[in-house]
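K.L.:
These are the residues of each chain, in order.
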Amino acid sequence: MVRYRRPVRTIVRVTDRVQETPSTVTLRFPYAPPALPGQFVMVWFPGDDELPMSLSYTDGPSKGITVKVMGETSRHVQSVAPGTQVGIRGPYGNRFDLSPRRILVVAGGSGAAVLAPAAEAARARGAEVTVALGATRASELLFRDRFRAMGARVEVATDDGSEGHAGFVTTVAESELARGEFEAVWTCGPEVMMRKVIAAAEPLGVPVHCSMERHMKCAIGMCDACALGPFHVCTDGPVFPAERLKGVPDFGRFHRDSSGRRVPF
Amino acid sequence: MVRYRRPVRTIVRVTDRVQETPSTVTLRFPYAPPALPGQFVMVWFPGDDELPMSLSYTDGPSKGITVKVMGETSRHVQSVAPGTQVGIRGPYGNRFDLSPRRILVVAGGSGAAVLAPAAEAARARGAEVTVALGATRASELLFRDRFRAMGARVEVATDDGSEGHAGFVTTVAESELARGEFEAVWTCGPEVMMRKVIAAAEPLGVPVHCSMERHMKCAIGMCDACALGPFHVCTDGPVFPAERLKGVPDFGRFHRDSSGRRVPF
Amino acid sequence: MADLSVRFAGLSLRNPFLLASGVWGESGDSLAGAWAAGAGGVITKSIGAVPRAGYPNPTIETYERWGLLNAMGLPNPGIGEYPREIEVAQRAGALVIGSVFAGDATEFARLARRMAATGVIAIELNLSCPHAEGFGTEVGSEPEDVEKIVRAVVAEVRVPVIAKITPNTSDPAGLASAAEAGGAAAVSAINTVRALAIDVHLRRPVLAHGLGGLSGAAIKPIGLACIWQIYEAVSIPIIGIGGIGSGQDALEYAMAGARAVEVGTAVAFDGISVFARLPRELAGLLDELGFARFEDAVGAAHTRV
Amino acid sequence: MADLSVRFAGLSLRNPFLLASGVWGESGDSLAGAWAAGAGGVITKSIGAVPRAGYPNPTIETYERWGLLNAMGLPNPGIGEYPREIEVAQRAGALVIGSVFAGDATEFARLARRMAATGVIAIELNLSCPHAEGFGTEVGSEPEDVEKIVRAVVAEVRVPVIAKITPNTSDPAGLASAAEAGGAAAVSAINTVRALAIDVHLRRPVLAHGLGGLSGAAIKPIGLACIWQIYEAVSIPIIGIGGIGSGQDALEYAMAGARAVEVGTAVAFDGISVFARLPRELAGLLDELGFARFEDAVGAAHTRV
Ligand SMILES: Cc1cc2nc3c(=O)[nH]c(=O)nc-3n(C[C@H](O)[C@H](O)[C@H](O)COP(=O)(O)OP(=O)(O)OC[C@H]3O[C@@H](n4cnc5c(N)ncnc54)[C@H](O)[C@@H]3O)c2cc1C
Ligand SMILES: Cc1cc2nc3c(=O)[nH]c(=O)nc-3n(C[C@H](O)[C@H](O)[C@H](O)COP(=O)(O)OP(=O)(O)OC[C@H]3O[C@@H](n4cnc5c(N)ncnc54)[C@H](O)[C@@H]3O)c2cc1C
Ligand SMILES: Cc1cc2nc3c(=O)[nH]c(=O)nc-3n(C[C@H](O)[C@H](O)[C@H](O)COP(=O)(O)O)c2cc1C
Ligand SMILES: Cc1cc2nc3c(=O)[nH]c(=O)nc-3n(C[C@H](O)[C@H](O)[C@H](O)COP(=O)(O)O)c2cc1C
Ligand code: FES
Ligand code: FES
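Chains as they are written, first to last, in our numbering: chain A, 1033 to 1297; chain B, 1033 to 1297; chain C, 2 to 306; chain D, 2 to 306.
The shape of chain A in the complex, shown without the other chains:
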């Protein structure tokens, strides 16, 4: 098994910048290496940090990432204009299994970034896709229209009730699970959210796949920054079947900071 992926950086220029929500922006750029939904790239904002970012557009030579304001770098990213140079390496990591025919997608926060291209690919293969999409408020619902355009059924939850169910997206997910006959659940978002999704799907026997995030530095399975129990999110993930995560005490409870210290969520 040759695991080696040429992680040589390519410097590209951002071609498009789309303000998806007040706190989220999509950047498009030319990057030829083939990618699959679920995979991520390391994106270098010269002068700033290099961050792991899921590909929100995986098809063809024009790739995309969708960045939500979280801290300093992601805030700067919001103002990245077309023409700006960024460094890309990857794609890294595994992908979603696209074979299930009825899929429930549960997205919280920027989780829709990785789930949208996966749902799109599943739809293209004829799968039925239901999306439980959560955000703080209506304006922050990421890729709602994109999900609709691909022919997915979209159920919304907002913390402030400004659209759809008022409250947790997990409540929406639970009622969907109760009704539908899903072959798979795909989820990405805060780990407490993902734990709840697993808790709801498990008794029903529906397998759940979680796209995980951990602090990343090398992205090639070396530096140990992204350690998650016995796994490395960069090379064993980012997509994990829930069963693999069950034995991992840190899941939903602790992540590691840049020093490798375990810190509670």
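No lab work stands behind these hints: they were computed from the structure. As the structure is a computational prediction, the values presented were derived from the model and not from experiment. There may be inaccurate statements among the hints.
A few chain A residues that face chain C, going by a derived Cβ cut-off under 7 Å, partial list only [what the hints assert, rightly or not]:
no. : residue
1   : I1043
2   : R1045
3   : T1047
4   : G1103
5   : P1262
6   : S1291
Where chain A lies over chain C, by a calculated footprint (3+ residues, C-beta under 8 Å) [said to hold, decoys possible]:
no. : segment
7   : 29-36
8   : 145-159
Every residue, glycine too, gets a C-beta built ideally from N, C-alpha and C.
Once you've looked at the hints, dock chains B, C and D with the ligands against the given chain A.
P.N.:
What follows is chains B, C and D with the ligands alone, placed relative to chain A:
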């Protein structure tokens, strides 16, 4: 043009040792890389020197070199027994053009080592081959039987007259040239000899190819040890058409020692 | 089947392949994973007195399969929290060697004592990180400093002390001799080689920190030279490091003088299963060459020169 | 088309690509050949006081396309015979830089004077050969020695003196500063990196001399780091060396601080026509990046850090 040849050494065991003449021994060894008549390898006798040696057997996986006593290392080589480990890198250099149909081969000293496989290949393509073979005495006539076995006509000259013409092999070559209608002359031996061969063939318009020797170290066109006028014998040769050598004042007059000093022959 | 077990400096290992410091070494589970994959022992990330975030990204740059440049900046959770990770690895059965780094002898000694308290089988002193900010050069580039640090640590702990030597020096053997004089049970070499990558499009260094350290196949010939020179200078055992990715690489190091080896960058290029492949390859090669035991090959290339 | 010409240390070159010392440099015809191929200038093999045969073969070992190990042992015809070769190259129009090596300052000065008499445009001092037998280490590994040698040579000749710095040191910038203090017109770096190859079948080093020096792509990141550090330490011009095989490599060196570069191992891997390709690639890249002149890129990567 990618000139690079993987010159990584392979350590092989000598399988056969044949005493060709009192001062010459052939060593056979397994070495898979394909080779063409005219090419040479660098042969490392561990503990001793590494020397350039023409391949006297180029076909198939069992290659061979034929070594004449010249100095210290080549004397030691005479006692190399089957089972001994040697290091091989190459093959390096260019090859004889096998297209001529009537070829005169003029071999002096160990020159027959490189000319025998070339003559064999030419015979296999149906060429007529005449060999002018010179040595100090009958017992030192290298590959006389091999030339005969391949169906070449062999004319012999010995310094002491113990077989064939008594005197220079160049005299034999001259009379062959006078009689025959050769399309090409191939020669390898002392440079004074090769110069005479050229002098005889040139007025008749017969192109001559000389297999040259110079001190060699890297064999990959870098160290300049094998410089011969504007050429490097290791990468531009070892086979040179006589026209290329004509403008080279050192040809037949000077070679360079291990320090790069020009020394007369 | 050739015997791969090695004994030196009071250690007894099932095979000579140790996980190098800084690779898979921040979490106890990862150390356990390298052990489970087949490593003869695992070395922790270099641990300091307090948590340290390391440099911002980019922290790595790679060159095809022959090299990797990094400037992690010694991120580590600090000696306060790290014992918990060691415990996780030890519970999984791993033989753990603790690596520590510090700016002076006193701090090295203090750290080493705390590290020793975790039950590690040995302590490796990272004297050589080429991208830690010291006073201009590396903490371990002067023989006097090396001797002083080693002496201070040896006085403080009972486990064997391994001094890890930098290649960024005119005289690696001199540094190793200083470590021996200070009482080191063994030396290991080499750490990464000072290096830099420039991006011409961005007109800047690639790594956030600028300078970094080169590892991988490219430094194998450099590491071998260091081991060769150190072997001629000291009588304590030597651990070879640098670009090891095959059984043959390890045997080259052994013949140059190494009793064990550490493997870092190969984990990135080949995955942790490299620790299953390496002992297999080494044993096969030893069989082919007629060595009954790996240890018989140690220093073998010196006898003819 | 970007302007590739460079002027520094009183030299004026048509492009920044110099033939590195020791490659194609033993014969005047070869120097002329490198010039004819397109080099901006050619540096001779390092010449000593008397003819020297060098080490026996094997003198080289290669690693795929990323590296080459050599221990030629400074073969050279000696300063008595060599001027004839320089003349041959000069008659062909080549700008020749004379490289010399010696064991101490006095001999360096004497040799340099004789070298200068040939009409070379500059003299490069090989202070750094990692496999020449000195007193244990290299002649140029101590700043005091470097300064002394440079000072002695500068007092003796009128042409610019270039001090070639070794990478086998903890402090390349310190050595460069010493050269500057001694009056060097420029420094060049790096020479080969001390390295070794072992053959496990034969249980011995591959090279007859044992230790050798690594060159080629593998040492580019090491050379870049040296140039980077030297640039921050000196104000004399710097010539970058090590693993240059493309226009981009040269530009990386320039941005790290080099005003010119030397090319060695690429000649073995790509042939002498590399000197036609390199300027072409460099000009194309400069155009793409919007540099009107190569010289505008010198040190460009330092301004943002
Ligand atoms: C596989 C993967 C895919 C991701 N995909 C996306 C995506 O599509 N869209 C998106 O907006 N975000 C994504 N992230 C998160 C993103 O990488 C950053 O964590 C986030 O943008 C915050 O960065 P910051 O520097 O602005 O925040 P900071 O102020 O530095 O910190 C805020 C949080 O971000 C975390 N963080 C900082 N640096 C890193 C790093 N190098 N690696 C991981 N976490 C880090 C910190 O631990 C902290 O919890 C992904 C993360 C991973 C691991
Ligand atoms: C391309 C080429 C092909 C050759 N093919 C053959 C062959 O098929 N059979 C054969 O017997 N000889 C061949 N030689 C010559 C051979 O390489 C040696 O020169 C010869 O064996 C003498 O070596 P020695 O060490 O015993 O002699 P020494 O005592 O070292 O010197 C005797 C002579 O050999 C020359 N010599 C020594 N070392 C080398 C070296 N590394 N490269 C070139 N010349 C050297 C010396 O300059 C001197 O003139 C070939 C040489 C070259 C360049
Ligand atoms: C990403 C990375 C991090 C490293 N961190 C450390 C460290 O914390 N302490 C240390 O002593 N060496 C560290 N090293 C050096 C390695 O332990 C090893 O000496 C070096 O990489 C050479 O071995 P390799 O070629 O097998 O990687 C690190 C190397 C890499 C590549
Ligand atoms: C075969 C060979 C011979 C060399 N001989 C010399 C020499 O005589 N003097 C010198 O200063 N450097 C010598 N060098 C070093 C080169 O000039 C250069 O510094 C080094 O090889 C790095 O550049 P490269 O990677 O382009 O080869 C030699 C290098 C090689 C490979
Ligand atoms: S990011 Fe380095 S191991 Fe995953
Ligand atoms: S032997 Fe080195 S250039 Fe020909």
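K.L.:
Each hint should be assessed against the structure and marked as holding or not.
P.N.:
For each hint, the structure was consulted:
Restraint check, I1043/A versus chain C: the minimum CB separation of about 4 Å is within 7 Å; hint holds. Interface restraint check: R1045/A against chain C, minimum CB-CB distance 10 Å, threshold 7 Å, status violated. Against a cut-off of 7 Å between C-beta atoms, the interface hint on T1047/A is violated, since the closest Cβ of chain C lies about 16 Å away. A least Cβ separation of about 12 Å between G1103/A and chain C goes past the 7 Å threshold, and the interface hint is therefore violated.
For P1262/A, the interface hint holds, since its Cβ comes within 7 Å of a Cβ in chain C; the closest pair sits about 5 Å apart. A least Cβ separation of about 4 Å between S1291/A and chain C falls short of the 7 Å threshold, and the interface hint therefore holds. Interface restraint, the segment 29-36 of chain C with chain A: holds (4 residues with C-beta to C-beta distance below 8 Å; minimum three). Counting residues of the segment 145-159 of chain C whose CB lies closer than 8 Å to any CB of chain A gives 0, so the stated coverage by that chain is violated, three being the minimum.
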